[in-house]
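K.L.:
So for the sequence shown, my numbering puts the first residue at 52; every next one is plus one.
Among these hints, one or two may not hold up.
Have a look at the derived ranges for each label pair, beta carbon to beta carbon [unchecked claim]: (1) K68 <-> Y143: 17 to 27 Å; (2) G84 <-> L57: 26 to 36 Å; (3) S105 <-> L79: 17 to 27 Å; (4) G82 <-> I139: 23 to 33 Å; (5) A70 <-> L133: 31 to 41 Å; (6) K124 <-> N146: 25 to 35 Å; (7) G77 <-> N145: 28 to 38 Å; (8) L79 <-> L103: 14 to 24 Å.
Everything labelled a hint here was simulated from the structure, so no lab data went into it. Everything numeric in this text was worked out from a predicted model, so none of it was measured. We put the CB at the ideal spot given by N, CA and C, even for glycine.
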Amino acid sequence: MVLAFLIENPNFIDVKKGAFELIYTGILSIGLGFTLQTIAQKHLPPTNVAILLSMESVFASIAAFIILGQILKTNSLIGCTLILLGVIISEYFNNNKV
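Please construct the entire structure, taking both the sequences and the accompanying hints into account.
P.N.:
In structure tokens, the structure reads:
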């Protein structure tokens with residue numbers, strides 16, 4: 052943020068217009084999200100954490116659809132489906148010890 056102010060000419064009116072988004076991103080997405088993630092990682096096996104974190108792009112796509120109304124393209128839907136199927140299969144075989 053400091054670098055942006057040094058390199059660019061910020062328009063404080065635009066910053067004020069985007070204040071909600073900046074605060075939301077800073078506090079909820081980054082602050083709360085990473086804090087809860089760190090706490091949860093202490094109590095879960097590393098393999099489960101790795102599998103869950105591989106779903107990050109799927110969750111981001113779903114959130115973009117719900118919050119921002121973005122429409123996912125076919126490639127994105129296929130990618131999300133493959134990731135989800137991979138997680139389901141790995142959890143299924145992990146629990147059944149095949």
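K.L.:
Next, verify each hint and record whether it holds.
P.N.:
These are the hints, each one checked on the structure:
1. K68 <-> Y143: 17 to 27 Å: The hinted range 17 to 27 Å is violated for K68 and Y143, with Cβ atoms some 47 Å apart.
2. G84 <-> L57: 26 to 36 Å: 28 Å, holds
3. S105 <-> L79: 17 to 27 Å: 22 Å, holds
4. G82 <-> I139: 23 to 33 Å: Given range 23 to 33 Å: holds, Cβ gap about 31 Å.
5. A70 <-> L133: 31 to 41 Å: Taking Cβ atoms as reference, A70 and L133 lie about 38 Å apart, which means the hint holds.
6. K124 <-> N146: 25 to 35 Å: 33 Å Cβ-Cβ, so the 25 to 35 Å window holds.
7. G77 <-> N145: 28 to 38 Å: 36 Å, holds
8. L79 <-> L103: 14 to 24 Å: Once the Cβ atoms are compared, 19 Å apart, the range 14 to 24 Å for L103 and L79 holds.
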